[in-house]
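There are 2 protein chains.
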Amino acid sequence: TAAMAPILLNCLGNDRKEYLEETFHVNNPNLDGMEEDILYHFSLGTKTHNLPEMFGDIKFVCVGGSAKRMKAFAQFIHTELNLPGSNDEPKDICEATDRYCMYKVGPVLSMSHGMGVPSISIMLHELIKLLHHAHCRDVVLFRLGTSGGVGLAPGTVVVSEKALDYNFLPQFEQVVLGKVIMRSTELDAGVSRELLQCSKELPNLPAVIGNTMCTNDFYEGQGRLDGALCSFSHAEKLEYLQRAYEAGVRNIEMESTVFAAMCRVCGLKAAVVCVTLLNRFDGDQITSPEDVLVEYQQRPQVLVAHYIKKRLALIALTPP
Amino acid sequence: TAAMAPILLNCLGNDRKEYLEETFHVNNPNLDGMEEDILYHFSLGTKTHNLPEMFGDIKFVCVGGSAKRMKAFAQFIHTELNLPGSNDEPKDICEATDRYCMYKVGPVLSMSHGMGVPSISIMLHELIKLLHHAHCRDVVLFRLGTSGGVGLAPGTVVVSEKALDYNFLPQFEQVVLGKVIMRSTELDAGVSRELLQCSKELPNLPAVIGNTMCTNDFYEGQGRLDGALCSFSHAEKLEYLQRAYEAGVRNIEMESTVFAAMCRVCGLKAAVVCVTLLNRFDGDQITSPEDVLVEYQQRPQVLVAHYIKKRLALIALTPP
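Residue numbers (the UniProt record's numbering), protein chains in the order written: chain H, 1 to 320; chain B, 1 to 320.
Hints listed in this document are in silico derivations from the structure and should not be mistaken for laboratory results. Hints are supplied without guarantee of correctness; some may be wrong.
It does not matter which identical chain is used: a pair holds within one copy or between any two.
Straight-line distance between alpha carbons at most 30 Å, and here's what the computed DSSO-like set of lysine-lysine pairs gives [said to hold, decoys possible]: (1) LYS104 - LYS59; (2) LYS47 - LYS237; (3) LYS68 - LYS91; (4) LYS200 - LYS47; (5) LYS237 - LYS91; (6) LYS310 - LYS104.
Working from the sequences, and respecting the hints, build out all of it.
Pasting the structure below:
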């Protein structure tokens, strides 16, 4: 890691410059010269679909791992925004593929991204291209997820300050043509603060701001003792979790670093809002009853819906 | 990478010793002492389900990224094995969750694993535990996937000799409690040879044995010029693909290294069989018509079904 420091600083420098421009942009000069852009994993394309008409009014993109959960969020936000029409069977815009699901509800896009960094990375590349082709402006992205808690009561919502790698560093390691580069994983501090404020306005929504560790697997990488492979002791697990806690880590999940890094490079405001399903100091298996887990998983949705409603009220009040 | 060589050799040494025992085993002394093991991402558990009764007779596990494709494979293998009953609506054993789908067809398990190393890694941990709890013996695992070809005509099936990382090395980098360890990604040479032989017995099934590169993303890591981010030229892309070709790489996908590594550590025979959807020297976008792509994606299924039928005929001929 020490050897990578110069690369890191160099890349953060570049990213920061781009970020300060504060306009959303793809970082690929090739795109606008392409005759057609097929968003393969969405089953959408610039020739087959009118992307500006379909998506041009989007202001909020909410993503999460599970297809069922993001369909439920589409139905929930439809009710919360008092939109006309039925929300019984929202249409999956990506129904021609089973890679992801996608629902549009007024200015809100609700999408699933599967599990892990590579899966959400494919989704983000094609989502950011979609927002570009559709000429969207001032979009905020939210990841609404589940996670393992580190020293928190189950059901606590963690709004991520920074996404950290397994060394507790705020960076994402990206391979480009066989070379490793580092990208910063800082998130939008303003949106995080507003989300924490929103949590205080809601009943039954315990929330904290803390760091989120992102790993590439659920078992050995997160120090679980119950995988098919395990070569460490209970004491070594606790020692690692304790070091994570001391680095400000309050939860562990599997997508936040690349989500933060890609949004940051493209000048998109982003927040990560994950509920904890267990306290990893107390165990590894998720043993809460189904109805309790379902209620926990609604908490990030309730919080982000509240934020979106406040924002839309503000937009409505602002003269054009 | 040079600094990691001692770790690599050390780990390969351990893994090889375990592999030579040639019996399938989980590598976790904690498991058998657990009162209950919840396979959370499958919605199965040792207390709630009779795993030996449900899964004890499994001999072949076929996994692939797409849920729709693995459902189609379940229907296809049902017909191919002349099993009784209807295959119109196979039952998804994991229907209580949307993380993966799972179908059992006689001695064959067909499962989806989503996209990318972390997604298939969660599936493999819980699958290997399932096979362990169910007391399965002599199981062979196949990954049936899609990939980008390197110097091959689209539609060619690649049976992987080795799974390589982005440096073209046959190793998988696993983080355990914040430390990087390396695992070997060699696959079963015998099964691969038999699969190549099977391909020669089938019409319209062009197949080769070659190395498979596994990456953590679909765009920058595979040298695509059409992602949301791209910082390299067409010439640099071609130079990287050329180096891959010279290292024996014939296709690129996103799951093979961890699949090979985990199966190897647990003494499970494994093969990777992926069809190429395009030749990456010629382009990045997948532009073939839908019906052509569907036929390509059936090729690994046809090949592995043929292998399974030959194997079952052999088992039937062998005295107990």
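Now the hints, each set against the structure:
1. LYS104 - LYS59: Within one copy only: 11 Å inside, 44 Å across.
2. LYS47 - LYS237: Classified as between; 26 Å across copies, 52 Å inside a copy.
3. LYS68 - LYS91: both (13 Å within a copy, 18 Å between copies)
4. LYS200 - LYS47: Neither: 46 Å inside a chain and 40 Å across chains, both beyond 30 Å.
5. LYS237 - LYS91: neither (44 Å within a copy, 38 Å between copies)
6. LYS310 - LYS104: Within one copy only: 19 Å inside, 49 Å across.
Hint compliance for this structure: hints 4, 5 are not met, and every other hint is.
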